[in-house]
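S.K.: Whole structure, please, built from the sequences with the hints as guidance.
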Amino acid sequence: MSEEQENPQENRPIDLSKGQQPEPAPFQPLDQGPATPPPFQQPPPFQQPPPFGQFGGGGFGQQNLPNATAALVLGILAIPACCFYGIFGLIFGVIAWILGAGDMKKYQLNPGLYTESSYKNAKAGKICGMIATILSALFIVMVILVIVGAISNPQMFDDFIKGMK
Amino acid sequence: MAQPHKSFLEWLGEHLFSCPFKTHFGIDCPGCGLQRSILALFRGDLAASFKFYPATIPLIFIVLFTIVHLKFDFKFGAQLIKIVFAGVAVIILINYIYKIYTHQLI
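Going down the list, the protein sequences come from chains B and U. When you line the first sequence up against this note's numbering, it's residues 1 to 165, in that order. When you line the second sequence up against this note's numbering, it's residues 1001 to 1106, in that order.
The reader is advised that the hints may include incorrect statements.
What the hints assert, rightly or not - Stretch by stretch, here's where chain B covers chain U in the computed footprint (C-beta under 8 angstroms, at least three residues):
(1) 1009-1015
(2) 1022-1035
(3) 1056-1067
(4) 1083-1090
Hints were generated in silico from the structure; no laboratory data involved. We put the CB at the ideal spot given by N, CA and C, even for glycine.
M.R.: Dropping the structure here:
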């Protein structure tokens, strides 16, 4: 059981071969015995990967990961949203990161249930969220430094601004 | 029809959101220039758009591409989004550091 569950995570072509295995099954019962082969192939009930599902059709038994689209969209919106002191960028980025990571875990627990394209989307959303979070965090650190500098030493800050002009 | 459209763009140019960071501290934030750049893009001026904010064109591309990708589900889509997004982040960083070094922050 456990070995068969782990295989599809590592290389997905096995899904294809598993999808093709049921085809010889109808022929064997005709020749030899009626009901013996099917019980052996039924044990992995978690993997119901119809080979069509790999084309990302969605609706052939596999469903999209619930938060993949949200993670991707938030991750991409995080960069334009960083304008307000970087706070919105940070929020969007972290949310995209969490959603994407959660969906990736969900897919790895149960790879047959979800479409691979939505897994890729969740992964992209997670990475975009990470990048946006890092950018926003850098900006926020800079904002804090500037604020601290301006409060603690206003005169020097004014001179600094004049020096930049 | 052409004249009201032009005036609308001009009106938009006078009514941009002002950056809170810049109004309080007088220093550009890493996102400053994005709106001017998008306006320049609306006018069809690619060079000016790039000068205001170099990351605008890839940013708009990635937003449009994401919408199309979510609709039609390309096989290479997620990979391309990741790469372009990383590129956008790098462009923004380089642009900001360049601005600091060339004293364009104010």
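S.K.: Determine for every hint whether it applies to the structure shown.
M.R.: Each hint, compared with the structure:
1. 1009-1015: violated (count 0)
2. 1022-1035: Holds, because 8 residues of the region 1022-1035 of chain U bring their Cβ atoms closer than 8 angstroms to Cβ atoms of chain B.
3. 1056-1067: That given contact holds, which follows from 4 residues of the region 1056-1067 of chain U lying within Cβ reach (below 8 angstroms) of chain B.
4. 1083-1090: Coverage by chain B holds here, the residue count being 4 at a Cβ distance below 8 angstroms.
Hint check: a violation occurs at hint 1 only; the rest are consistent with the structure.
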